[in-house]
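When you line the sequence shown up against the working numbering, it's residues 170 to 406, in that order.
Check each hint, because a few of them may be wrong.
As the list claims (entries may be wrong) - Derived lysine-lysine pairs resembling DSS-like cross-links, with alpha carbons at most 27 Å apart:
1) Lys-280 to Lys-268
2) Lys-268 to Lys-193
3) Lys-280 to Lys-193
Calculated directly from the structure, the hints in this document are not laboratory data.
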Amino acid sequence: MAGLALDGSNPDVSLLYDINGLAKDAPHWFDRVMEFVGEYGIIIGLVLVTLAAWWSVRKRPQEAPSAVAGLMWAPLAAGLALVANIPIRGFVERPRPFKDHQGLDVLVAGKTDFSFVSDHATLTMAVAVGVFMAHRAYGVAAIGLALLEGFCRVYMGVHYPTDVIGGFALGTAVTLLLAPLAMMLLTPLTRAVAGSRVGRLVRAEPAATDEDADEARAELAESRSVGRDHGNKDLAA
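My request is simple: use the sequences and hints to build the entire structure.
Written out as structure tokens, the structure reads:
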């Protein structure tokens, strides 16, 4: 099943040439920037977005354990999606586009493995969907980065557009389908951490213990008692 898009009239191939053609017209320095962004930059950006989302959800005392569990699931889902891609690549055996099509401007050399589906697209979308489940605003930013990653892979001449779409679908499916099981396992863990000495990893403020609650109730009762005493003295006067 090697040839999914060999005909130049195929929309997949036409879009490949259209997007990769932008690299031919771009300055050399811009291609180098796109090469770095497509290989490493967006992944670094997703790490930063995930950390920012974690810092934000810690400030929501009631939601923090489940939200942090969701952020923990994001990279785990990406790893599972990449593992799932191994048999898919072996089954489809689709060559890289520059092996079947002439005239492409390939920005990254040494890509000798199969093309379908894109590992980068799979990884970035899996992380992005996981972040979106935990924090909507940062999740939208993460999905935007994942979409940019897909564009970069085609721009660099190392993937067909359908390789990217397949990666997006795989990453999304693994993250969403396994999320209930993952949250069932990870949320008790984050709740346990929230109540421990390193609870600030989950909550910005430590969770109140039973002793803290008892002490607060005692202080409230004492303040009410003092208030009543003052009131009785005022009446007696």
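Evaluated hints:
no., hint, result
1, Lys-280 to Lys-268, "holds, 10 Å"
2, Lys-268 to Lys-193, "holds, 18 Å"
3, Lys-280 to Lys-193, "holds, 19 Å"
Against the hints set out earlier in the document, no violation occurs for any number.
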